[in-house]
Amino acid sequence: MGAYVIRRLLGAIPLLLVITAMVFSLMQLAPGGPLAVYGENPHLTAADLEAIKVAMGLDKPPAIQYLYWLKEVVQLNFGHSLFTGRAVMEMIGERLPATLLLMTVAMGFSLLVGIVLGVISAIKQYSKFDFTVTTLAFVGYSLPPFWFGIVLMIVFASTLQWLPAGGLADYGQEGNPLNVLSHLVLPAAMLSILQIASWSRYTRSSMLEVVRQEYIRTARAKGLDEWSVIVKHGLRNGLIPVVTVVALSLPSLFAGAIMTETIFTWPGVGRLFFDALTKSDYPVLMAILTISASLVVIGNLLADMIYALLDPRIRLS
Amino acid sequence: MQTSTKHHLVAFFASLLLITGCSPKGEPRVASAPGKPIDGGTVIVQEQQEPDALNKAISSMMASTNVLTALQGGLVTYDDKLNYIPDLAEEVPTLANGGVKVSGDKMIVTYKLRKGLRWHDGHPLTAEDVAFTQAVYMNPKVKVISREGYNKVSHVEIVDPQTVRIHFNQRFAPYVEMYDKLLPKHLLANSPDLNKDPFNRAPVGAGPFKFESWKSGDSITLVANPDYWRGKPKIDRIIYKFIPDENSAFVQLKSGGLHVYQHAAITQYKALKRLPGVTIYETPAATYEHIDMNLEKPYFQDKRVRKAIAHAINKPEISTYIFKGLWQEAWSDKSPLNYHYNPAVENLYPYDIELAKRLLDEAGWKVGSDGVRAKDGQRFSVKISTTAGRKPRELTELLVQHYLKQVGIEVTIDNYPGAILFGPHPDGHLRGGKFDMALYAWVSPVDPNNLNLWHSGSIPPNGQNSVRWRNPEMDAMLEAGLVALDREERRRIYQRAQAILAEDVPMIPLLWWTNLDVASSKLLNFKPSGSANGNFWNAHEWQLTE
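Here the protein sequences line up with chains A and B, keeping their order.
Using my numbering, the first residue of the first sequence is number 1, and each one after it goes up by one.
Using my numbering, the first residue of the second sequence is number 1001, and each one after it goes up by one.
Possibly wrong hints are sitting among the right ones.
[What the hints assert, rightly or not] Ranges between beta-carbon positions, derived for each pair:
{"hint": "1", "chain 1": "A", "residue 1": "Thr132", "chain 2": "B", "residue 2": "Asp1370", "range": "29 to 39 Å"}
{"hint": "2", "chain 1": "B", "residue 1": "Ser1191", "chain 2": "A", "residue 2": "Ile314", "range": "55 to 65 Å"}
{"hint": "3", "chain 1": "A", "residue 1": "Ile64", "chain 2": "B", "residue 2": "Asn1097", "range": "48 to 58 Å"}
{"hint": "4", "chain 1": "B", "residue 1": "Thr1094", "chain 2": "A", "residue 2": "Ile64", "range": "31 to 41 Å"}
{"hint": "5", "chain 1": "B", "residue 1": "Ser1456", "chain 2": "A", "residue 2": "Leu16", "range": "43 to 53 Å"}
{"hint": "6", "chain 1": "B", "residue 1": "His1186", "chain 2": "A", "residue 2": "Pro97", "range": "30 to 40 Å"}
{"hint": "7", "chain 1": "B", "residue 1": "Ser1191", "chain 2": "A", "residue 2": "Ile240", "range": "55 to 65 Å"}
{"hint": "8", "chain 1": "A", "residue 1": "Trp147", "chain 2": "B", "residue 2": "Gly1035", "range": "33 to 43 Å"}
{"hint": "9", "chain 1": "B", "residue 1": "His1123", "chain 2": "A", "residue 2": "Ile64", "range": "40 to 50 Å"}
{"hint": "10", "chain 1": "A", "residue 1": "Trp147", "chain 2": "B", "residue 2": "Arg1358", "range": "44 to 54 Å"}
{"hint": "11", "chain 1": "B", "residue 1": "Pro1461", "chain 2": "A", "residue 2": "Ser182", "range": "46 to 56 Å"}
Hints are computed from structural coordinates only; laboratory data are not their basis.
All values derive from a computational prediction rather than experimental measurement.
For each residue, glycine too, the CB sits at the ideal point set by N, CA and C.
Looking at chain A on its own, in the form it has when it is part of the complex (with noise of 0.2 Å):
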């Protein structure tokens, strides 16, 4: 098993590098770059502009800029921003923390009640519950999530005033964990009803093959109970085909949301990649792209390791 991870990172390394040249070109194609936000200057000269080109290293080819991103990359540091010209891995650093809560609560939830709600669509397929969950499903599934965002925080912050329209904390409250959660559910609530909607049909659908096969049938003839036949036996297959979409992602949790932190202003990696996308702030898009690539790949290592932890017959090797 170990052998068999150290094989997997290392033959990733390869993977990776294509990765990265190949978004690194194509940001450097796309027309525009990090020198059109100063366009909209009346005052701009071709003089100033060549000064900053050159301070930005913009002015040397791209496959040195490149060489020398790798080089910092090989050294765990993803350079400086071209705008804030701090280090690129204490700007992500700054905005992990709010991501990681915002996207692990709200994965978490969407998780549990997806799950139950798939199995138990499954096991009453087409009763009144069946039906009901299947249309919200679909309802939830269909729900713009930026207009369902705002429809939320119309609701529960504007007209009932229950709840924070946004930001992470008060000010002065960023150690209190209650004013912090109330801050939390209107973004995770947006996030996670279209998460529940997906994540629900998919172990709906797996567990119905599941609870057709033969050895379910073996479980209920040797006298278990409904229960054993149904998490012990139905749902540890079931969920492999679940197991791969939710370790897909995996990426988002640390890049974030990017329409749900706009708007609510929720301070995370997500709005800090869209801003960089904006300007073309290269360092910054290309360390959160690098990330997101990586966790793609250790998201599919860790589904194959849950498979082999499911289902004994699968063997890694």
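Model the placement of chain B on the given structure of chain A, informed by the hints.
Chain B alone, transformed into the frame defined by chain A:
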């Protein structure tokens, strides 16, 4: 046309009076009687963007300006009526008061600093800091946004700790705009790289408010400076909250989490008017939407064509349909707020379809069988470009398309994201000269110098003359305006320049923005400015009520 505009304005004023019961345009509508003024308190302000660096030398963002205006301090600043006022300097140096001396081509400007000035960390602020600021602006390693003026200084002479003489190697009329944000020598002189210095994230200034904290993605907090030269500000704290989304800003204002919502969306105007406890400030801004015509394209080389297009566009209708009638017709590149504004250029191109058609006929563009004009086998079919995703501009384009169809010009829409539209030469759509017509905005600066915008020597890549306008008389005016130090002489020069611009029409001014700033009625002395110095120029005077 003139009368209809007047009617329009009269109706507008009348409706305002009805709503407010008093107050002419520009004055706030107070929703409820303010309570007793109090000392202290925190004012929370919405800021749409997060600053990149709190250092005006290297940041081009309005968000940075807004924070630094309350924090940094400079020699001279200006108020909401665009008058220069001395800040850390005792007076604004001019020819008249002897602060500016000219000998031949050279110019010397003398600044006297106020007595007893201190940086927020207690270190004395002296002439050394002015000289240091000059050195930073001319340091080639620092990614300074604009070195304009600083690059015309031969040396800075420190006469005594309170007196500094700036020696210019040529006459430079906009000198007063320089050194508007001073940098502390004692903190930055040994910085290995000013672009990356931690100072840019936790600056030390000499303004009314001191830096307290910057929470990434969330807010910047400033606290009152008890040693401010005008005295301690009335409020204790300003929090700039970064709220990118307009709907969020509205809800946060409504639920009491915000005192100031800056530059509200015009689509929220009605809803904002219904909010209790807030005051809407409608401020005429020094920013104008305009249509550029690329003079290198064959369609626009004849002046009569450009005039025809100017006559074919119904500006008041655009304001009514898209901007609730709040935005005012623009005729010049200079704001009516500026002392050098030329009212004689107003109404030179009233909406007149028939006149537009006649001018196009005269220019040889005849209507073809498909209703589109053509000349020498070329159809008058052009593209108009603007920043994709900016709804008001996209709607304006549709109206322009409709107006020009009336006179036989086919317009297709060809929009790009800001990064491409405003991108550098040669790839940028404007700089690279790839556009036919373009719709966007310029800010009319307080100082009238705009050589970089209209001089033939400023055609990209050298400057921002994207319309590629070459007019020798205009060039001469712009050169003269740059070195004319007498206020009246400058007014004459730039009034003439506005007349030349109006006669040549390389671009059509459309509408002046009206900023909608909304503030809690508990905030007193909030005086938004429509110019580039923003809403914080008098933050030291702000006060809260019970």
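Right, here's what the structure says about each hint:
Between A:Thr132 and B:Asp1370 the beta carbon distance is about 58 Å. The supplied range of 29 to 39 Å is therefore violated. At about 58 Å, the beta-carbon gap between B:Ser1191 and A:Ile314 stays in the expected band of 55 to 65 Å. Distance hint for A:Ile64 and B:Asn1097: a CB-CB separation of about 54 Å, consistent with the stated range 48 to 58 Å. For the hinted restraint 31 to 41 Å between B:Thr1094 and A:Ile64, the CB-CB distance of approximately 51 Å leaves it violated.
The hinted window of 43 to 53 Å between B:Ser1456 and A:Leu16 holds, with their beta carbons roughly 51 Å apart. About 35 Å separates the C-beta atoms of B:His1186 and A:Pro97, a value consistent with the hinted range of 30 to 40 Å. Restraint check, B:Ser1191 to A:Ile240: a C-beta distance of roughly 57 Å satisfies the suggested window 55 to 65 Å. For A:Trp147 paired with B:Gly1035, a C-beta distance near 38 Å keeps the hint of 33 to 43 Å intact.
Between B:His1123 and A:Ile64 the CB atoms are about 42 Å apart, so this pair conforms to the stated range of 40 to 50 Å. Against the hinted window of 44 to 54 Å, the Cβ-Cβ separation of A:Trp147 and B:Arg1358 comes to about 50 Å, which satisfies the hint. Against the hinted window of 46 to 56 Å, the Cβ-Cβ separation of B:Pro1461 and A:Ser182 comes to about 53 Å, which satisfies the hint.
In this structure, the earlier hints numbered 1 and 4 are contradicted, and the remaining ones agree with it.
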